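Guided by the hints, dock chain B with the ligands onto chain A, whose structure is given.
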Amino acid sequence: MGYKAKFRVWRGEAGEGRLEDFTVEVNEGEVVLDIIHRLQATQAPDLAVRWNCKAGKCGSCSMEINGKPRLGCMTRMSTFEEDETITVTPLRTFPVIKDLVCDVSFNYEKAREIPSFTPPADVKPGEYRMQQVDVQRSQEFRKCIECFLCQNVCHVIRDHEENKKAFAGPRYFIRIAELDMHPYDVQDRRPQTAQEEHGLGFCNITKCCTEVCPEHIKITDNAIIPVKERVVDRKYDPLVWLGSKIFKRSS
Amino acid sequence: MTQTTAESPVRKQRAQLKTRTLRTDRWWLAPGLTFAGLLVFLIYGFWAIFDTSHLAGSYIAPFSSPCLATSCPEGARLFGFAPFGDWYTLPPGILILGLPGGFRLTCYYYRKAYYRSYWLSPPACGVAEPHKKYTGETRFPLILQNIHRYFFYFGAVIALILTYDAVLAFRDKDGNWGHVGLGTIILVVNAILILCYTFGCHSCRHITAGRLNHFSKHPLRYRAWTLVSKLNAKHQQFAWASLFSVMLADLYVRLVAKGIINFPFA
Ligand code: SF4
Ligand code: SF4
Ligand code: FES
Ligand code: FES
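Taken in order, these protein sequences are the chains called A and B.
Numbered per the numbering used here, the first sequence spans residues 1 to 251.
Numbered per the numbering used here, the second sequence spans residues 1 to 266.
This is chain A alone, in the form it adopts within the complex:
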């Protein structure tokens, strides 16, 4: 049943480090995070790794396994060959604190830049009346577990550190989409600010965020592209612009 697997794990602090080789026991039904824990228990007691739920729901154990951004607790060992060397590294887009633990505060800063849900002034909490069809699109985005795998894989910042200032990233585009599609949100400049302040235009819809999302949120198709289309409405479509001039709606 069990076998010895070859692991290469990135060890180091604050960016400086190297890949270290290990041979470690693997049993049936285990996931990569189990093996990292076994390394901690047997060979590398100071190996740092972040985790919480071991059920794919807390979003803590994001790492890169054979170069692919994944959740350590949701990557089954049975998907690898027994003689394969499995390389585990920290997320490549964020600064490393130690070993597999990154400083992901970039994401929290970006989160704070998005204006929060803005309901109409005259509707009190408890008075919201919404139909399921009106909120179902936003609900898909609520599944996000903030693992930041999408943020990590996005080439806009993964390959270009200098774009971090201007680019909020896919996780925050789904936040903008969620709020902009919400029937009770009255902040009506969300698409414009997405383009002007949060760097939506940097996204070239190559869909890596969608590919890695462990919650299978259709980030590109259901959030980014719809918001891009809403941006076109407000900023680039001459007919919509003309229409809004001619049929100026009375407030």
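It is worth saying that the hints were derived from the structure and are not from the lab.
Source: prediction; values computed, not measured.
Don't be surprised by glycine CBs; every beta carbon is placed ideally from N, CA and C.
Treat the hints with care, since some could be wrong.
[Claimed, not checked] With a straight-line cut-off of 30 Å between C-alpha atoms, the simulated DSS-like cross-links for lysine-lysine are:
no. : chain 1 : residue 1 : chain 2 : residue 2
1   : B       : Lys133    : A       : Lys164
2   : B       : Lys234    : A       : Lys143
3   : A       : Lys235    : B       : Lys234
4   : A       : Lys218    : B       : Lys234
5   : A       : Lys110    : B       : Lys133
6   : B       : Lys18     : A       : Lys165
7   : B       : Lys12     : A       : Lys110
8   : B       : Lys133    : A       : Lys235
9   : A       : Lys110    : A       : Lys98
10  : A       : Lys4      : B       : Lys18
11  : B       : Lys18     : A       : Lys164
12  : B       : Lys12     : A       : Lys98
13  : A       : Lys110    : A       : Lys54
14  : B       : Lys234    : A       : Lys57
15  : B       : Lys132    : A       : Lys110
16  : B       : Lys112    : A       : Lys164
17  : A       : Lys235    : B       : Lys112
18  : A       : Lys235    : B       : Lys217
19  : B       : Lys12     : A       : Lys165
20  : B       : Lys12     : A       : Lys57
21  : B       : Lys18     : A       : Lys110
22  : A       : Lys98     : B       : Lys18
23  : B       : Lys133    : A       : Lys165
24  : B       : Lys112    : A       : Lys143
25  : B       : Lys217    : A       : Lys245
26  : B       : Lys133    : A       : Lys218
[Unchecked claim] Covered by chain B, per the in silico footprint, the following chain A stretches (three or more residues, Cβ under 8 Å):
no. : stretch
27  : 58 to 68
28  : 130 to 136
29  : 198 to 210
[Unchecked claim] Using C-beta positions, here's what the derived DEER-type ranges look like:
no. : chain 1 : residue 1 : chain 2 : residue 2 : range
30  : B       : Trp119    : A       : Lys165    : 21 to 29 Å
31  : A       : Gln43     : B       : His214    : 56 to 64 Å
32  : B       : Leu160    : A       : His216    : 30 to 38 Å
Below, chain B with the ligands alone, put in the same frame as chain A:
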């Protein structure tokens, strides 16, 4: 031990790994196939534009439709309409090429396909791109991708014309209805795939109801959106299927027109 408090400058460093990627799977396969697939289409399209066999019996070659010049035979013209007279000597395909071409060029799916396979930006997920700088679609020329919805309007017209052409293919050489040949079937299948591709467009999805925040107040538009969303989920598949079907249908008609294919049920 290195300081790792928030103020420490070293904490700003990513893991220093000098490799382009640590992926061990065949990540280059998908962009490679995409590269080849699109190249085949470009080469074929270039040839077809200069080919003059526009019409075979009642079959109209899709790349020549609608034909707006007098250089094509009567039957290949849309309702016999030819605003470009004998003075126009360039291939008639050039007149309309920009519309379906622009439609596919600015399509959200094809953008992904060629950004990945031709521009390598990125070639695959988790594989570093070779470019020093990256601005995406924030400035000229790529900001022009935002006009995609206008190409969609034209694309929809072209799709309807090809559908009409497929209906006309139910006539025989002499114009009598009721004919069904291999060419009829090919043109019908092609028209269906083109329709599924065109009406699964993201801009179409936005126009039907995607732009609204209250689906419940617009039940009909919501129904349309649901249908478009179903096609949209398969947009990539329809993009490839229709790309190859239009190429095969076009080639088939031209080969029949040239007499290279001439079996009785052609
Ligand atoms: S689709 Fe856009 S946001 Fe998502 S990974 Fe690609 S460039 Fe980044
Ligand atoms: S959108 Fe998906 S990949 Fe991105 S943070 Fe949320 S769960 Fe993770
Ligand atoms: S440990 Fe919670 S998602 Fe993996
Ligand atoms: S045709 Fe592909 S998105 Fe419009």
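Results of checking the hints against the structure:
1. Lys133/B with Lys164/A: 13 Å, holds
2. Lys234/B with Lys143/A: OK: Lys234/B and Lys143/A at ~23 Å, within 30 Å.
3. Lys235/A with Lys234/B: Given pair Lys235/A, Lys234/B holds - Cα atoms ~29 Å apart, limit 30 Å.
4. Lys218/A with Lys234/B: Roughly 13 Å separates the two Cα atoms, so the pair holds.
5. Lys110/A with Lys133/B: 22 Å, holds
6. Lys18/B with Lys165/A: 24 Å, holds
7. Lys12/B with Lys110/A: Holds - the C-alpha atoms of Lys110/A and Lys12/B are around 17 Å apart, at most 30 Å.
8. Lys133/B with Lys235/A: 25 Å, holds
9. Lys110/A with Lys98/A: 23 Å, holds
10. Lys4/A with Lys18/B: 28 Å, holds
11. Lys18/B with Lys164/A: Holds. Lys18/B to Lys164/A sits at ~21 Å (cutoff 30 Å).
12. Lys12/B with Lys98/A: 12 Å, holds
13. Lys110/A with Lys54/A: OK: Lys110/A and Lys54/A at ~27 Å, within 30 Å.
14. Lys234/B with Lys57/A: Answer holds: Lys234/B to Lys57/A is near 29 Å, not above 30 Å.
15. Lys132/B with Lys110/A: 24 Å, holds
16. Lys112/B with Lys164/A: 22 Å, holds
17. Lys235/A with Lys112/B: 23 Å, holds
18. Lys235/A with Lys217/B: Holds. Lys235/A to Lys217/B sits at ~26 Å (cutoff 30 Å).
19. Lys12/B with Lys165/A: 14 Å, holds
20. Lys12/B with Lys57/A: Given pair Lys12/B, Lys57/A holds - Cα atoms ~28 Å apart, limit 30 Å.
21. Lys18/B with Lys110/A: 28 Å, holds
22. Lys98/A with Lys18/B: 18 Å, holds
23. Lys133/B with Lys165/A: With Cα atoms ~14 Å apart, Lys133/B and Lys165/A stay inside 30 Å; holds.
24. Lys112/B with Lys143/A: 25 Å, holds
25. Lys217/B with Lys245/A: Holds - the C-alpha atoms of Lys245/A and Lys217/B are around 25 Å apart, at most 30 Å.
26. Lys133/B with Lys218/A: 27 Å, holds
27. 58 to 68: holds (count 4)
28. 130 to 136: That given contact holds, which follows from 3 residues of the stretch 130 to 136 of chain A lying within Cβ reach (below 8 Å) of chain B.
29. 198 to 210: Holds: 9 residues of the stretch 198 to 210 of chain A have a Cβ under 8 Å from chain B.
30. Trp119/B with Lys165/A: 21 to 29 Å: 23 Å, holds
31. Gln43/A with His214/B: 56 to 64 Å: 59 Å, holds
32. Leu160/B with His216/A: 30 to 38 Å: Check passed, 35 Å falls within 30 to 38 Å.
This entry satisfies every hint, going by the numbered hints stated previously.
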